[in-house]
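The lines below spell out each chain.
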Amino acid sequence: MRLLLDRFPDLAQTLWTDEDTVEVRAQGAAIPDLLQRLRDDPELSFWFLADAAAVDYGVDQHFEVVYHLYSDKHPAWLRIRAHVRRSDPHMPTITHLWEGAMFHEREMYDMMGIVFDGNRDLRRIYMSPDYRSFPQRKDFLLPDDAADSPAAGVNPLERPETWDLSRLTEELAPGVVAHVKSET
Amino acid sequence: MTSDVKIPDPLELERAEEARLRSAAGLAPAARTGGEYSGFESVGLPDRPPETEREQELYTLDEGEMLVNMGPQHPSTHGVMRLVVKVRGEVVIDIDPVLGYLHRGIEKLCENATYTTVMTYVDPMDYLASMHNEHAPAIAFEKLFGIKAPKRAEYIRALVVELNRVFSHSLMMGFLALDMGGITPILYSFINRDEVVDLLSAISGQRMLFNFFRVGGVNFDANDEFFSRLGTWRANVVKTIDMSERVITDNEVFRARTIGMGVLSGKDAIALGVSGPNLRASGVPFDVRKAHPYSIYPELEFEVITHAAGDSNARYLQRIAEIKQSIHLIDQIVDKMPHGPVQAQVPGIIRPKPGRAYGAVESPRGLYSVYAVSDGGPNPYRFRMRDPSFISLQAIPKLMPGHLIADTMAVMASFDPVMGGVDK
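Each protein sequence line maps, in turn, to chains C and B.
Each residue of the first sequence is one higher than the one before, counting from 3 in the working numbering.
Each residue of the second sequence is one higher than the one before, counting from 816 in the working numbering.
Hints were generated in silico from the structure; no laboratory data involved.
It is possible that some hints are incorrect.
[As the list claims (entries may be wrong)] To give a feel for the contact side, a few chain C residues facing chain B, derived at Cβ under 8 Å:
id, residue
1, Ala-31
2, Arg-134
3, Pro-137
4, Gln-138
5, Asp-141
[Said to hold, decoys possible] Cβ pair distances, simulated, as ranges:
id, chain 1, residue 1, chain 2, residue 2, range
6, B, Asp-1057, C, Asp-35, 48 to 56 Å
7, B, Pro-1153, C, Arg-9, 51 to 59 Å
8, B, Lys-1168, C, Asp-141, 24 to 32 Å
C-beta atoms are modelled at their ideal positions from N, C-alpha and C, and glycine is treated no differently.
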């Protein structure tokens, strides 16, 4: 950790640790350069990209791309968090450092809509090519499809009129009202 | 025999014979409809412009090249995966895996589940390693919540996890042989698996989706039935594994189709993010149990096994060596298992403080990790899973060009991907 701070003094502001993780924050644009130095420096040698994931911090907030690195010279995981603006979600790619980051970046693009500049195969990976939404964003709501399911109405709690608890009456859902009230 | 002797096409001979009989009987020649059934459905070019350079490259066909579609319902894609294969004759030029046929959005589902019910959602991901799937979130959540599982719970966790590794690896042996046309080994593999699954159902109550781990411990203590079955299993397991190994390892067809096939160098494997037995079979000694010890692994004695060759055969031998290593670990765990409680005191609804935690385990397919973000509420704010077979799958398009179509399955089976995990 001291070595990390010697090499990258500007990261000291954001250093945070828990029992087995060292965490720093970095600017999105600086990520490929930073990761390359972490990987190629013989004393640091973070050679294994353990994970790359995106987090959505809400509609009026920002995205975050989180990298986890492993080095056999240091006992802790290294976590690097990069801030991505929600209005303009662009990040530089790291596929030239680790080819295997390709599927990570395609998944982040598919699920969160973060565009990785320089990635030569940024397609959707899980959803179909003509799909237009980004399902893991926090403003993507799951449709209430319970009312359309074949079992709708079998279980009183699945009837739409019982979802609003103030309108829940004993004849609509016998036995349920007392149960719900005892829980709340 | 000179080389210009023509081998007659049996289909042509049959047609000629049929035409001769028809004309002898005074009938009109039979009408021909359609082509012959080929087993693969050929794919046309997509009806939209290519989105990326890579897609453009894949769908640009040179003279004599053709695109064929393998899957998603192909018996040897280990689930529902589709490969678009560019071929010249029978030689693979390029491969594009098309995923998502089994995508259930488990990460999104977990954001709407409580910390306890997340365990039920991660089970069907990598369904051959359900115990490992539960182990990583348990580690991450315990870090978030700031508690430790009791010692006995950690030992039971390590025990069930190693049992799970044994059956997962023994199934891989069978599936690898099955994809080369050997039917017998898979039967042995399923016998081996069934014995372990019975054991695990004695301790967890479930045969496949165990739902056994809890935040701060495990669901049930190891009971007498479990230990008596474990003793019986342990007495026979080395013999049964050896028996199924003898069927496969020295088989001539198996050796011809694995040795030197799909050679992945250690450097490429690291760049591609391949982990677990596949990485160790390329000579890189990276095992999360040693590299970043968790649970009780620092207290156990074992070495990181590697093989240098990096081909399909090395990946297969790696699995067999790891089965034996796991049995050795199980012996140590049972020997050292302490008494005590198996569940720490946790509230019914867990609300960790806002924070982040990363938990990683060595699953039978490699580094399986969970990154959980909490906002103080009863549900994880973000729940991210890194599935090893999803990442390892990227090696297939790199390895296959230049090989035959039939070897695609053989090499893919040696990576042992599970589509439930790939598609999440």
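Checked hints:
With its C-beta approaching chain B no nearer than about 22 Å, Ala-31 of chain C sits outside the 8 Å limit, and its interface hint is violated. Interface restraint check: Arg-134 of chain C against chain B, minimum CB-CB distance 13 Å, threshold 8 Å, status violated. The beta carbon of Pro-137 of chain C comes within 6 Å of a beta carbon in chain B, closer than 8 Å, and the hint placing it at the interface holds. Using the Cβ-Cβ criterion of 8 Å, the hint placing Gln-138 of chain C at the interface with chain B is satisfied: the shortest such distance is roughly 6 Å.
A least Cβ separation of about 13 Å between Asp-141 of chain C and chain B goes past the 8 Å threshold, and the interface hint is therefore violated. Under the hint 48 to 56 Å, the C-beta atoms of Asp-1057 of chain B and Asp-35 of chain C, about 53 Å apart, fit the expected range. For the pair Pro-1153 of chain B and Arg-9 of chain C, the beta carbons lie near 43 Å from each other, so the given range of 51 to 59 Å is not met. The hint said 24 to 32 Å for the Cβ distance between Lys-1168 of chain B and Asp-141 of chain C, and at roughly 26 Å that hint holds.
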